[in-house]
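Please build the complex by placing chain Z on the supplied structure of chain X, with the hints as guidance.
As you go down the protein sequences, you meet chains X and Z in turn.
Be aware that the first sequence starts at 13, since it is given in the working numbering, and climbs by one per residue.
Be aware that the second sequence starts at 1237, since it is given in the working numbering, and climbs by one per residue.
No wet-lab data here; the hints were simulated from the structure.
For each residue, glycine too, the CB sits at the ideal point set by N, CA and C.
There is no bait here: all hints are sound.
Examples of chain X residues toward chain Z, derived with CB under 10 Å:
(1) Leu179
(2) Val190
(3) Pro206
(4) Arg280
If you anchor each label on the Cβ, the simulated ranges turn out as follows:
(5) X/Pro133 to Z/Gly1356: 53 to 61 Å
(6) Z/Pro1459 to X/Phe193: 41 to 49 Å
(7) X/Asn15 to Z/Arg1312: 56 to 64 Å
(8) X/Val23 to Z/Arg1312: 54 to 62 Å
(9) X/Leu261 to Z/Leu1404: 54 to 62 Å
(10) Z/Ala1267 to X/Pro109: 44 to 52 Å
(11) X/Gly192 to Z/Ala1254: 33 to 41 Å
(12) X/Glu274 to Z/Pro1276: 35 to 43 Å
(13) Z/His1249 to X/Ala138: 39 to 47 Å
(14) X/Leu275 to Z/Ala1342: 30 to 38 Å
(15) X/Leu261 to Z/Lys1339: 51 to 59 Å
Chain residues, written in single-letter form:
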Amino acid sequence: MSNRPVQRYEVWLWPLLVAIVLLLLWHLYSWSTEYNLTTTAADGSVETRRIRIFPTPFDTFPALVELASDGRLVRYAMASLFRVLTGFALAALIGIPLGLWAGWQKRVYLAINPLVQGLRPISPLAWIPIAVLSFGIQDEAAIFIIFLGAFFPIVTGTMTAVQSIPLVYVRSAQNFGVTGFELFRRVVFPAALPQIITSLRMALGIGWLVVVAAEMNAVNSGLGFLVIDARNMGNRYDLVVAAMIIIGLIGIGLDWAVRRLELLDEVRWGFRK
Amino acid sequence: MKIHVRGVGKTYHSGGQALQALVPVDLDVRAGEFVCLLGPSGCGKSTLLNILGGFETADSGVVEIDGEPVRGPDPRRVFVFQEYGIFPWASVYDNVALGLRHKPQAEQARIVARYIELVGLKGFERSYPSELSGGMRQRVAVARALAVAPDIVYMDEPLGALDSLTRLQLRAEIHRLWKQEGMTILFVTHDVEEALQLADRIVVMEPRPGRIKEIVPVTLPQPRTSATPGWAELEERLYRLLGVRA
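Here chain X stands alone, though its shape is the one from the complex:
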């Protein structure tokens, strides 16, 4: 490791250089997909056009503008966000209490942990056929899949969080006569909260990954549907790439939003290096 101190401008310089190199490579790759398309019109005139299958970075701007102006950007982004947030909220609403309960009560843990660990490694995408069979090509199918993707990390994270609460906190509370539900409210929940927030962050990330795949298969709207639809309807790879960019930006935004929770006074202690 070099000890030369990092200058302030370097924080921008290095990532910018990497970005420029990658954009250049992208551009070169786009050019390599160019070919001449020769068409013969009815009057016999021959016309040759240069066609590019894969868009250059510059081609994606008009595509983004197109999506924004015909309303699909907002409509599809909202559809995807609605599904992710609904599935995620359901997963948190069920997963956190269940995780708290199982983390605190050994018997509940013994009862549900094998099931949770058994189902967890099954990709939520494997549930797509069952989801479509049960709910049809509907929002509910996608929400169900996102729920599954978010639920297991939340339950597991919450259980582990409760199980790893230092004994000294529980004893302190009991010493001052804090018992029963009050012990839960005053100690167990706040002690586990930083780890719960970390699991929520993970779960929301997974939910956002999963929604794209779910929308490619289980519904007819949303950013995932946009990706697959743009390909199927006339190989509009410029729209495909534009949709990917939107997916990435919203993903960053969601993660940023959850990370704001880490700054609350009640949980900051859990996020110190």
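Showing chain Z alone in chain X's frame:
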């Protein structure tokens, strides 16, 4: 007698192995006394403290406080732990108020303010433990304990995690608070100097299996330093009991 211990023993079982943590011991502590449990790790001093505090149950014997058998943790008898038992998710104020939560707000505020001032943390009421040094966190723990006006304070190596200068400073303050508030203190330590400086009596314990070796009264006048007449002899005796010096 404030604390009355007769034939209290404890054996832990793990994986078919039995570990005798405490050979049945007898101990009596007077009200208002400052007693140190001194010994190396594994001598059963924390086990004994946890039994007295009601966090663990003895396999044999009786523990009575004010003539009543100990049945569990009790807010009249408060612990100060080595590893900062205060809550990192709560402010200094809320930590100190933990044992006062059933009192009216105004009374809470008055008591909390008094004890925060007493441990020298005035101005840090809204701070969180992660913003404080180790010594300040332990001051919060002491304030939280004293705020409920306990009969007995159990201190389980409360200064063990602190740097040596902070340790000396807090040691003196604990002594001052004990003088001022008049409660009974049982103080676990493996630091001979610490025990000598604080205790009315030192319970010397030894390990494998944990047991009481001897109870040494300390009658040196306060405040004590290593220059106090009689200190060196007592120190020598304690080290000999602990097997550090032949």
